[in-house]
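Enquirer: The primary structure of each chain is shown beneath.
Number of protein chains: 2
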Amino acid sequence: MINNSETLKQRRPKVLFFDVNETVLDLTQMKKHIGAALAGKEELLSLWFTTMLHYSLVTSASGQYKPFGHIGAAALQMVAANNDIIISEEDARKVITQAMQNLPAHPEVKEALTQLKKAGYTLVAFTNSSNEGLKNQFKNAGLTDYFDERLSVEDSGKFKPFTNTYVWGAHKMGVQLEECMLIAAHGWDVAGALWAGWRAAFVSRPGQQIFPLAPKTEIVETDLKKVTEILVTYT
Amino acid sequence: MINNSETLKQRRPKVLFFDVNETVLDLTQMKKHIGAALAGKEELLSLWFTTMLHYSLVTSASGQYKPFGHIGAAALQMVAANNDIIISEEDARKVITQAMQNLPAHPEVKEALTQLKKAGYTLVAFTNSSNEGLKNQFKNAGLTDYFDERLSVEDSGKFKPFTNTYVWGAHKMGVQLEECMLIAAHGWDVAGALWAGWRAAFVSRPGQQIFPLAPKTEIVETDLKKVTEILVTYT
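Residue numbers (my numbering), protein chains in the order written: chain A, 12 to 246; chain B, 12 to 246.
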């Protein structure tokens, strides 16, 4: 589905920025690890993930920075404690590292990236994960060679969707804001990108919704293959 | 429990700022309204509340402002959609208004506030709710006359825990940052206050946890009566 005008549809973004967790990597297996740490309560996964996202912004809003994995571990401790499960910081960090760094790519991802590359696009991974975390994630998923650049918010100092972080990403790639497109499966991420002046495509993976109060993305599709089919028609 | 030194313990904050939702108002009844909108799935309440908090910061991080109730309604639509329930924006806003503006004070609140006032403290309500929302909440809970001032983040432009918002609150009351104390039942709120240079007391109500990566508050107690018992010993 294309939400925008013919004119915009035909204009090609100079750089495609891909969110990583959920957009490129399949988080299904993460459920097992997190669920096991929460005494089998896999229904708490969404609450844990949202708590991690919330506290990442709490940290940035307070002018602080902590690695995403440490925030994820703290969120796990908090959600666990509310369910009468005590997890030490050390154990929580082990669980998170194990859970987040061993994820496969979604099945259509490699083919889609290959096709976009062949069409001449510059492809950038753009993630809340730390540099080290992202490196390991890509190594384990066999994705390292599919991207021209890897950018972690660790180097910008603020988590997505802080406007500054998208501005930083564009600057790092030497392009203007309107020449960037974010491709992401999170409503908050495409909202932040659009509000920062980027273009955006929303990948409506299961369990993901757009933020109803944000501007609409020009592309909404269920996977990266379908997003790619539209992007290769841009000139 | 007092976490801090004797010296600090004896120094009285010039202004006590109270978080409102959960800290002062009892959210138990909210579960019924939200649960009803989610086809009886009351277990989704925490996810909805955390999604609302996350998206409040998404909005502020993007340099935007939307009323807290509208963000709460959008979060309700998103959580509902992920559970195959479609709610219109209009209906979601009605549910949220009904759910959030008709909450009673926790049982010990009025006595605690009376005691603090009698002890000479200046009491300020300091909330993410809008001015209009807060006014209605206090009217319906019979709390209007217990506070010297009502401050809504609506007038600062950014939700708690953005540092600027605590700085704005101190400025509004004509005091220095270190002369302020936040009393709140949310880990993210006391974290933000401490990182902004305020003092803080955490009210550990059921289902609430401190953020393990933040500095510790000088007071941790289970309700406002117990917090008050400590504060009246300060000189």
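Fair warning: there could be bad hints in the mix.
Said to hold, decoys possible - Only pairs whose alpha carbons sit at most 30 Å apart, straight line, appear in this in silico DSBU-like list of lysine-lysine:
1. 43/A x 52/B
2. 227/A x 227/B
3. 52/A x 52/B
4. 52/B x 42/A
5. 42/B x 52/A
6. 227/B x 77/A
Said to hold, decoys possible - The following label-pair restraints were derived from C-beta to C-beta distances:
7. 54/B x 76/A: 44 to 54 Å
8. 182/B x 166/A: 30 to 40 Å
9. 185/B x 113/A: 50 to 60 Å
10. 133/B x 155/A: 38 to 48 Å
11. 113/A x 134/B: 45 to 55 Å
12. 108/A x 93/B: 23 to 33 Å
13. 105/A x 188/B: 33 to 43 Å
14. 151/A x 155/B: 36 to 46 Å
Simulated from the structure, these hints should not be mistaken for laboratory data.
Just so you know, these numbers come straight off a predicted model, no measurement behind them.
Yeah, the Cβ is synthetic: ideal placement off N, Cα and C, and Gly gets one too.
Enquirer: For each hint, tell me whether it holds in the structure or not.
Expert: Cross-check of the supplied hints:
1. Taking the CA atoms of residue 43/A and residue 52/B, the gap is near 23 Å; set against the 30 Å cutoff, the hint holds.
2. Annotation: proposed proximity of residue 227/A to residue 227/B is violated, straight-line Cα distance about 41 Å (limit 30 Å).
3. Simply put, residue 52/A and residue 52/B have alpha-carbon atoms about 16 Å apart, close enough for the 30 Å limit, and the pair holds.
4. About 21 Å separates the Cα atoms of residue 52/B and residue 42/A, which keeps this hinted pair within 30 Å; it holds.
5. Proposed proximity of residue 42/B and residue 52/A is supported: the alpha carbons are some 21 Å apart, at most 30 Å.
6. For a cut-off of 30 Å, the pair hint linking residue 227/B to residue 77/A stands: about 16 Å separates their Cα positions.
7. At roughly 33 Å, the beta carbons of residue 54/B and residue 76/A sit outside the given window of 44 to 54 Å.
8. Look at residue 182/B against residue 166/A: about 33 Å separates their beta carbons, and that is inside 30 to 40 Å.
9. A C-beta distance of roughly 54 Å is found between residue 185/B and residue 113/A, which places it inside the suggested range of 50 to 60 Å.
10. Range check, residue 133/B to residue 155/A: Cβ separation about 58 Å, and the 38 to 48 Å hint is violated.
11. A beta carbon spacing of about 51 Å between residue 113/A and residue 134/B agrees with the range 45 to 55 Å that was offered as a hint.
12. For residue 108/A and residue 93/B, the hinted distance range of 23 to 33 Å is satisfied, since their beta carbons lie about 27 Å from each other.
13. Take residue 105/A and residue 188/B: their Cβ atoms lie about 38 Å apart, and the range 33 to 43 Å holds.
14. In this structure the hint that residue 151/A and residue 155/B lie 36 to 46 Å apart at CB is violated, the actual value being about 57 Å.
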